[in-house]
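Visitor: If you read the sequences in order, they're chains A and B. With my numbering applied, the first sequence has no gaps in its numbers, which climb one by one up to 299 at the end. With my numbering applied, the second sequence has no gaps in its numbers, which climb one by one up to 598 at the end.
Hint data in this document are derived by calculation from the structure and do not stem from the laboratory. Check before you lean on any hint, since a few could be wrong.
[To be verified] Computed Cβ-Cβ distance ranges for the label pairs, DEER-style:
1) B:R591 - A:E290: 58 to 68 Å
2) A:E79 - B:D341: 21 to 31 Å
3) B:D426 - A:E214: 54 to 64 Å
4) A:G281 - B:E412: 34 to 44 Å
5) B:D425 - A:E159: 34 to 44 Å
6) B:D411 - A:R123: 49 to 59 Å
Glycine included, each C-beta is placed from N, C-alpha and C at the ideal position.
Number of protein chains: 2
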Amino acid sequence: MDERAALALLSGELDAAGDDAAVVDDLVVTTDMLHERTDFPDGTTQYTAGWRAVGASLSDVAAMGAEATAAVAAYAVPEFTRADLLAFVRGASDVCDLVGAEYVGGDLDGHDEFTVATTAIGRLVDDPVTRDGADPGTDELVCVTGTLGRSAAALEFFERGDVERANDLFQFEPRIAAGRAFAAHATALMDSSDGLARSLHQLGEASDCGFAIESDRVPIDEAVRATTDTDDDEDALGRAITFGEDFELVATVPESELDAVREATAVPVSVLGTVTAREDGITMDGAELEDRGFTHGEA
Amino acid sequence: MDERAALALLSGELDAAGDDAAVVDDLVVTTDMLHERTDFPDGTTQYTAGWRAVGASLSDVAAMGAEATAAVAAYAVPEFTRADLLAFVRGASDVCDLVGAEYVGGDLDGHDEFTVATTAIGRLVDDPVTRDGADPGTDELVCVTGTLGRSAAALEFFERGDVERANDLFQFEPRIAAGRAFAAHATALMDSSDGLARSLHQLGEASDCGFAIESDRVPIDEAVRATTDTDDDEDALGRAITFGEDFELVATVPESELDAVREATAVPVSVLGTVTAREDGITMDGAELEDRGFTHGEA
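Same shape as in the complex, but just chain A:
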């Protein structure tokens, strides 16, 4: 059973599971486990690891349209060192500060492989925005925040030994503010952690709709161009939409409410295309967009 099958099994068992975060009363709760082999390439600093691990959970809070309240991390390494631990905590605290959450520490454990489990908690101000509300019967647009491909580019920089640039790219801003802006307007919302292509498939399945997007509207991060053959736009686009781990938000919004969303947040919101009927499938430039991306835990 792979991770997706196991998660599907879980979401059948647990009422509150199955979306980006669980909802309990006015709280949203989400947890993630990351580890060295699959999530932290050689050259990742402990500061970046703390930032990124906690940021990944905060991104799930953003994807529910909630405010970020607090985060904790369980931190496991073969050997504790003062410098590493402090750097990790600073990274975790800084990403929390950026979105108005409090980093309140956690647990420490001895482990052969560097492993971090983070949990973030948010508070709902509006109703939670789930994945199943997109409606092809009305004029809805599908949008994405920020740019895509930063993590794909970072990985390439890690491989090239340009660890400074790679670490910079690996520190992302969890889209709490954008999530709050979407909360009052979006019909469906999730984060793009498994890549845009897979996110659209997940959103389409949950909402029972299709999407028609256009490739020239995909906001490819400029770092992607710097790590691909500049003459090969296909390659850059492919990385931007399938690699994932960018932690942007993917949302469906009625066309009439797009301006209101854009006014409510400083984060760029790109329109990728429209919400269509389920039978029209999920397409890019009129051709079927494959359900291809990053399944966490596959490695």
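Let chain A serve as the given structure and place chain B on it in line with the hints.
Guide: Using the frame of chain A, we list chain B on its own:
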């Protein structure tokens, strides 16, 4: 740097850390990571693992005197199987049901070693009860809930191959109800997860006080006698107070309020002795009680 040193470093860095759980607004949050090698002996069922991992975090919520709201777990194994995953979720859900919390799932990850990171969230009704409020200047008693030594006995049963009895003993009731009963009366509160002896040292250090306890008042679980030489009371007592992992509550309570605590909970509350001046030390039957116990993550 061992885990205790690392935790001390963390609690200096983070305002909210350093007690059983962090406090953010009216919430308490706590996280724990457990793994096969140190926490789940051969023979531990996945049901027991789910129960115990989530129960450990709920115990930290109890130790703050809060109500239990929700728990999540990040679950990592080399290979997912349907039966294991469902059993784990059932154990996790059952321990949550027992204390009025909701188990809302979590993350799945591939990992060489079975590893679980759990987070529990509670809501404060009264002020949180921290570790630093015991006062030797008044007539205060030091108490413990339930019995001690269950986990020590369970480990012995695992070693003997009596896995059914061992698994039963490994499933404990998080002391949420007792924690709520203590909340309005106790001056200091923590859970006994590192063993009674170490807990008293931690409570004494935090509250700047000593304790004088009597060995014949220690509620040794009957399972301990079944796994030790019946003529050797020293051995049974030693296991009950140093092995830890029993997740009982240790509290200091003004003598005049003990009856009120006992009336408010069905869980047995044993008085071990009295709160004394710091310079009188931490003693059992008048002799110094060594700071010896279980430091998680040492193995």
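Visitor: Compare the structure with the hints numbered earlier in the document and write down the numbers of the violated ones, lowest to highest.
Guide: 5 and 6
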